[in-house]
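Novice: Given next are the chains, with one letter for each unit.
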Amino acid sequence: MKMNKKLAEELELTFKDIEVSTPEDTKIEIFAHKEQVLTILRFLKDKGYNHLALISCVDWIEKAEFELVYILTPYLQDYEAYKEIGDIHLKMRIPRENPEFETVIPIFANAEPYEREIHELFGIKFAGHPRLTHLLLERDYAIPPFRKDFDTREYVKDVFDSIPPIKGEKK
Amino acid sequence: MRELELYFGPQHLGMVGNFSITLKVEGDRILKATANPGYLHRGFEKLMEYRTWIQNFPLVCRLNVIEPDHMEMVYAMAVEKLAGIEVPERAQWIRSIYLELARVGSHLFGLWAYANMLGFDTIAQWAMYHRDLILDLFEELTGGRVYHIYIWPGGVRRDFPDGFANKIVETLHSIGKCVPDYDDTFFNNPLFYERAHGIGKITQEEAKEWGAVGQVLRATGIPYDIRKVEPYAAYDKVDFDIPTRENGDAYSRIWVIRDELIESVHLIFKLLDKLPEGEVYNKVPNPFKWKVPKGEAYVRVESSRGELGLYMVSNGKDKPYRVHFRTPSYPHGLTILEKVLVGENIADVGNTMISLYVVAPEIDR
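Protein chains in written order, with the working numbering: chain A, 1 to 171; chain B, 1001 to 1365.
Hints are supplied without guarantee of correctness; some may be wrong.
Claimed, not checked - What the simulated footprint calls covered on chain A by chain B, stretch by stretch (three residues with Cβ under 8 Å from a Cβ of chain B suffice, anywhere in the stretch; the number is not a length):
hint, region
1, 45-55
2, 64-76
Unchecked claim - Here are the computed lysine-lysine pairs in the PhoX-like style, where the Cα-Cα straight-line distance is at most 20 Å:
hint, chain 1, residue 1, chain 2, residue 2
3, B, Lys-1081, A, Lys-148
4, B, Lys-1294, A, Lys-148
5, B, Lys-1339, B, Lys-1081
6, A, Lys-45, B, Lys-1208
7, B, Lys-1317, A, Lys-63
8, B, Lys-1274, A, Lys-63
9, A, Lys-91, B, Lys-1294
10, A, Lys-157, A, Lys-34
11, B, Lys-1208, A, Lys-47
12, A, Lys-27, B, Lys-1081
13, B, Lys-1046, B, Lys-1291
14, A, Lys-34, A, Lys-16
15, B, Lys-1270, B, Lys-1283
16, B, Lys-1289, B, Lys-1270
17, A, Lys-91, A, Lys-45
18, B, Lys-1046, A, Lys-157
19, B, Lys-1046, A, Lys-148
20, B, Lys-1291, B, Lys-1081
21, A, Lys-148, B, Lys-1317
22, B, Lys-1046, B, Lys-1283
23, A, Lys-83, A, Lys-125
24, A, Lys-34, A, Lys-5
25, A, Lys-83, B, Lys-1081
26, A, Lys-91, A, Lys-16
27, A, Lys-45, A, Lys-34
28, A, Lys-47, A, Lys-27
29, B, Lys-1081, B, Lys-1270
30, A, Lys-83, A, Lys-34
31, A, Lys-27, A, Lys-83
32, A, Lys-83, B, Lys-1319
33, B, Lys-1289, B, Lys-1081
34, A, Lys-148, A, Lys-167
35, B, Lys-1317, B, Lys-1294
36, A, Lys-27, B, Lys-1177
Treat the hints as calculated values from the structure; they're not laboratory data. Nothing here was measured: the structure is a model prediction, and the numbers come from that model. For glycine and all other residues, C-beta sits at the position ideal for the given N, C-alpha and C.
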């Protein structure tokens, strides 16, 4: 039996009501509850998943939920080793109303800019984050711009059509 | 001594690209550094949700101005994975050759930036000239010099024209002939050593902790390379080395880049030797009506700067639902840069930043 199948079983035994699946040979997918994420990440880091590649956010507007995705790709040196343990996709959903979660910076230091970006573009607050200031944008928007209900075309129309024409210029 | 706040960039001679750093300094020592990205934020990932799968290609390649090719590759790989498209054998090999050419071009550009910043103008001009020769090859192959859109879901857009393989060999030989000159004037130059050694030093543990990839990690002695870890295209069919260094400072990083450049050239020769015959393109559905099946994919390649990933979600429509690029400059330019600049000299800010190989458009997206 491969290592990642073993790990999937171990995860299911260690943590209550999480969904673990292995959709590909080199990928473990975990659906967890909000409270478990930090413990699972710490557990996985001890198991050798020592590189946080990405924190991503998907806006599932029809279900009124945000999905946070933590992708762990361990530091390995060849395919033989990688085949054995693979990647982790850890997923967690939070409601779209007042979305809040905790920071994972104490576990993975490079999470800092990812969380800042998600805060800015999706409006999710990360408790314990040292600086949730603007990263890429200049100002606040009524709806954070990467949410699905932010329509870029409408926004452009609103903003640029409201600029009065220069005097004497024909409309 | 009095503490001052100093704005370094985006209008600064030592700064390459649209990026700025706010420094808190005492004398000329840095107490705190804050990276300010966002000057090139064009919201590409959002715009991609409004465009069809194929329409996104012109946006994808503009994510990184210096080497758009790895961006095309990672996007094409994600679409192929979601839609289950096979790529013919010859196309895989051509992709590898093309990506290695892109790596050579990108490293030469990086060498230009670094030499220029240190005041080695002659070497900078040589590197720029040699990169131009690579761009000529791209122009003949794809019609574009900087943005090529050559890699396509299902293969590559066209086969090599007649005699193109020989042209690649000739061009690379003419660049390779100048390696001793580069070594004498730049890499083995005591002035370069004096300026670069010990600058922006990070240990192996720190590099892992801060999420370093690419040269930044390899300069600390870890041979982490996606081409070996999770081989794509034709990288598992040929043998090649991963250059590393031990010290983890700017000097080591630039040497890793130099060794990698030479290794890439050798790799292209090996790939050209064994290039198989056959088709280069598997037909994909009509791009105007193409609906990619529901699902999600995370794919990654080794770009010139390190692990480049793409997380893509499809909800079964004709447009992607979510696209998120994990670019190597992101941890280097935002996390590591801020940490290693503390305690450095103002004169070494550009030095540190360019040796970390940060490209601003990749961060901002």
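Novice: Determine for every hint whether it applies to the structure shown.
Specialist: Status of the hints after comparison with the structure:
no. : hint                    : verdict
1   : 45-55                   : holds (count 5)
2   : 64-76                   : holds (count 5)
3   : B/Lys-1081 - A/Lys-148  : violated, 24 Å
4   : B/Lys-1294 - A/Lys-148  : holds, 18 Å
5   : B/Lys-1339 - B/Lys-1081 : violated, 37 Å
6   : A/Lys-45 - B/Lys-1208   : holds, 12 Å
7   : B/Lys-1317 - A/Lys-63   : holds, 17 Å
8   : B/Lys-1274 - A/Lys-63   : violated, 52 Å
9   : A/Lys-91 - B/Lys-1294   : holds, 17 Å
10  : A/Lys-157 - A/Lys-34    : violated, 38 Å
11  : B/Lys-1208 - A/Lys-47   : holds, 15 Å
12  : A/Lys-27 - B/Lys-1081   : holds, 14 Å
13  : B/Lys-1046 - B/Lys-1291 : holds, 19 Å
14  : A/Lys-34 - A/Lys-16     : holds, 13 Å
15  : B/Lys-1270 - B/Lys-1283 : violated, 28 Å
16  : B/Lys-1289 - B/Lys-1270 : violated, 40 Å
17  : A/Lys-91 - A/Lys-45     : holds, 16 Å
18  : B/Lys-1046 - A/Lys-157  : holds, 17 Å
19  : B/Lys-1046 - A/Lys-148  : holds, 9 Å
20  : B/Lys-1291 - B/Lys-1081 : holds, 14 Å
21  : A/Lys-148 - B/Lys-1317  : holds, 15 Å
22  : B/Lys-1046 - B/Lys-1283 : violated, 28 Å
23  : A/Lys-83 - A/Lys-125    : violated, 36 Å
24  : A/Lys-34 - A/Lys-5      : violated, 24 Å
25  : A/Lys-83 - B/Lys-1081   : holds, 18 Å
26  : A/Lys-91 - A/Lys-16     : holds, 15 Å
27  : A/Lys-45 - A/Lys-34     : holds, 18 Å
28  : A/Lys-47 - A/Lys-27     : holds, 15 Å
29  : B/Lys-1081 - B/Lys-1270 : violated, 27 Å
30  : A/Lys-83 - A/Lys-34     : violated, 29 Å
31  : A/Lys-27 - A/Lys-83     : holds, 10 Å
32  : A/Lys-83 - B/Lys-1319   : violated, 32 Å
33  : B/Lys-1289 - B/Lys-1081 : holds, 19 Å
34  : A/Lys-148 - A/Lys-167   : violated, 37 Å
35  : B/Lys-1317 - B/Lys-1294 : holds, 8 Å
36  : A/Lys-27 - B/Lys-1177   : violated, 45 Å
Going down the numbered hints, you'll see the structure goes against 3, 5, 8, 10, 15, 16, 22, 23, 24, 29, 30, 32, 34 and 36, while the others check out.
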